[in-house]
Amino acid sequence: MKNLFKLFSIIIFIITSNSYSFAAEKAEYLKTDWSFKGLFGKFDRASLQRGYQVYTEVCASCHSMKYLSYRNLAEPGGPEFSEVQAKAIAASFEVTDGPNSDGEMFTRPGKLSDKFVMPYDNVKAAQAANGGAYPPDMSVLVKARGGGVDYIYSLLQGYEEAPSNVSLDDGVYYNKYMYGNKIRMAAPLSDGLVEYGDGTNATVEQMSKDVTTFLMWSAEPHLEARHQMGFKAIVYLIILTILVYFSMKKIWSRVESEV
Amino acid sequence: MSDHDYRPKSKVGQWFNDRLPLLTLANHLTDYPTPKNLNYWWTFGGILTFCLITQIVTGLTLAMHYIAHADMAFESVEHIMRDVNYGWLIRYIHANGASMFFLAVYIHIFRSLFYGSYKSPREIIWILGIIIYLLMMAAAFMGYVLPWGQMSFWGATVITNLFSAIPLVGEGIVTWLWGGYSVDNPTLTRFFTLHYLIPFLILGLVVLHIWALHVPGNNNPVGIDIKKPSKDTVPFHPYIVIKDGFALLMFMIVFAFFVFYAPNILGHADNYIEANPMVTPAHIVPEWYLLPFYAILRSVPDKLLGVVAMLSAILILAVLPWLDTSKIRSAVFRPLYKQFYWILVADVLILGYVGAMPAEGLYLLIARVATAYYFLHFLVILPVLGFKEKTLPVPLSITEPVLGGSPNLAAARNKESKIE
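As given, the protein sequences belong to chains A and B, one line each in that order. Numbering-wise, the first sequence is residues 1 to 259 according to our numbering. Numbering-wise, the second sequence is residues 1001 to 1420 according to our numbering.
Think of the hints as simulated: they come from the structure by calculation, not from any bench. Beta carbons: idealized from backbone N, C-alpha and C, even for Gly. Worth double-checking, as some hints may not be accurate.
Claimed, not checked - If you only want the chain A side, here are some residues facing chain B, beta carbon under 8 angstroms, derived:
| id | residue |
| --- | --- |
| 1 | Ala-125 |
| 2 | Lys-143 |
| 3 | Pro-221 |
Stated by the list, open to error - Reference listing, derived: stretches of chain A covered by chain B, where coverage requires no fewer than 3 residues with Cβ under 8 angstroms from a Cβ of chain B:
| id | stretch |
| --- | --- |
| 4 | 226-232 |
| 5 | 242-250 |
Could you build all of it, start to finish, from the sequences and the hints given here?
In structure tokens:
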């Protein structure tokens, strides 16, 4: 019995340490307390709304978010804009639709059911506008990077003067958290770049945290539901396990053998 | 099947059972005499059945929403994660279920190795098990390709390319496997088809595996043949059912932890980047459960010999009943084998670790030593050990050591309880 627990913990340790070992090769990431971590982790609603603002005013000029729809902004577990607000957000974008009955494509204001409008028509256009580098789609970006939210949060604040022994080409910047330290994206954030509606001071650190929170939600829109269900499921399983344990003891007490 | 005669009580039951003896089968399964000293390592058979059924049920549901097309697969997975009701739950259970399946199968295999369950008269059960394990690896590998992320694409490229090592026809075989000149849409659609097929093959083999088990009956921690039914056995129901159920619930707690709180920790981040044939990831690594064999593959400098070594590492298990020359089954009574057993466990864990690391420098050296030892264990140590080892006296029945028949048996019993 004890050995079984031991074995489980050893195996889990080995598995998890293996998957972490890739991240460990790189610089130590900046830490901050994420509200969505832990057993009961939930998103900070205000931070998500601010994060959306940073995304749409700063990131969205180059980065698409093609798996999200405007309706997601009003859904539970997300930024939870009111439906009116989400409709207004959607309507502020021009969406190409069609063909109409004349066979022509036309533009119209966005609706809740529309996907987020992409900044470029295709990957080639995105590359052409960004010196050959493709700004990755941000829908699942947090899950697509080894360090996850800590990596994104650090990267946004990791811009520095290049050390004298590092030479940078035109349009390449030095970032101490980037793999290989060279990045094609100029430092996207600077203090006061956006003006938060709720009066929060828009420091680079604050904006990094908000937009990273928003990216975590966009990658895992059902994270809150998952945490809530997980807690219930595990409590249920533990209670059932205890009950079954005593039933087992009772049943096996009929034989003179140890369980 | 069952030795004792069984006759249903009701007239209808008798009528039905005379025509299709399903009730006899059910009676056999509930009455099935099981050694009463089975420890928790024996519960993983039931756990594995649960894993297989979970994978099939979640897999069927996913297949209703998944689109097997190179341009749409990645998007359809995101659709499942975002828009399908509880799609995230179903997919995370399926993805982590694969890892849980392998965790359980490794424990099951190593339990068999420790207690000598593969030895006569259970060779066929063991060989069926190895075939199931091979099919599991094929199913898991193809399943990992389906989300069409970077690791899917490049993993598929690396593994299918192994066939090019075959002299003369290798290149042709690879083209045939791909259905083209690179991993592309035809590869994805056939992998999806096979990924759908294999679990049902496994299911059929599992039935044979259990059937073959029910002929000689379970091995047990003491590793001796027992009389069935006797005071050494208990009926499968309710004794083993409740014990398996208890162990399964504990297993499900671990499972649930991964699904709800760390659903992506066992996967690779690169698989959330859509497949791109123009960009190769920095490290191409398989899922954790294939890492020991990946390490063996990479430890051999020659490509063909590497593939041969990797395949031999699995196939060597099929002839294990004849490589192990010892007449004693359980490691409890084999003091030397027990030590080599744990060295083998460590060796496989080391292989798994270096399999995740870049194949260079110290890692490569460790991988080579560990690979050599792996084969040494099966090809030299096991055959020799059977002749050289001084085994401990084995009790005549399960109840005997419990009742303390002789001083030697008391020692044996102590050793046994340590393992439990």
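Now for the hints, and whether the structure bears them out:
Taken as an interface hint, Ala-125 (chain A) does not check out: its beta carbon lies about 17 angstroms from the nearest beta carbon of chain B, beyond 8 angstroms. The interface hint given for Lys-143 (chain A) holds, since its Cβ lies 4 angstroms from the closest Cβ of chain B, which is under the 8 angstroms cut-off. With a cut of 8 angstroms, the hint placing Pro-221 (chain A) at the interface with chain B holds, because the nearest CB-to-CB distance is about 6 angstroms. Counting residues of the stretch 226-232 of chain A whose beta carbon lies closer than 8 angstroms to any beta carbon of chain B gives 5, which reaches the threshold of three, so the coverage claim holds.
Counting residues of the stretch 242-250 of chain A whose CB lies closer than 8 angstroms to any CB of chain B gives 4, which reaches the minimum of 3, so the coverage claim holds.
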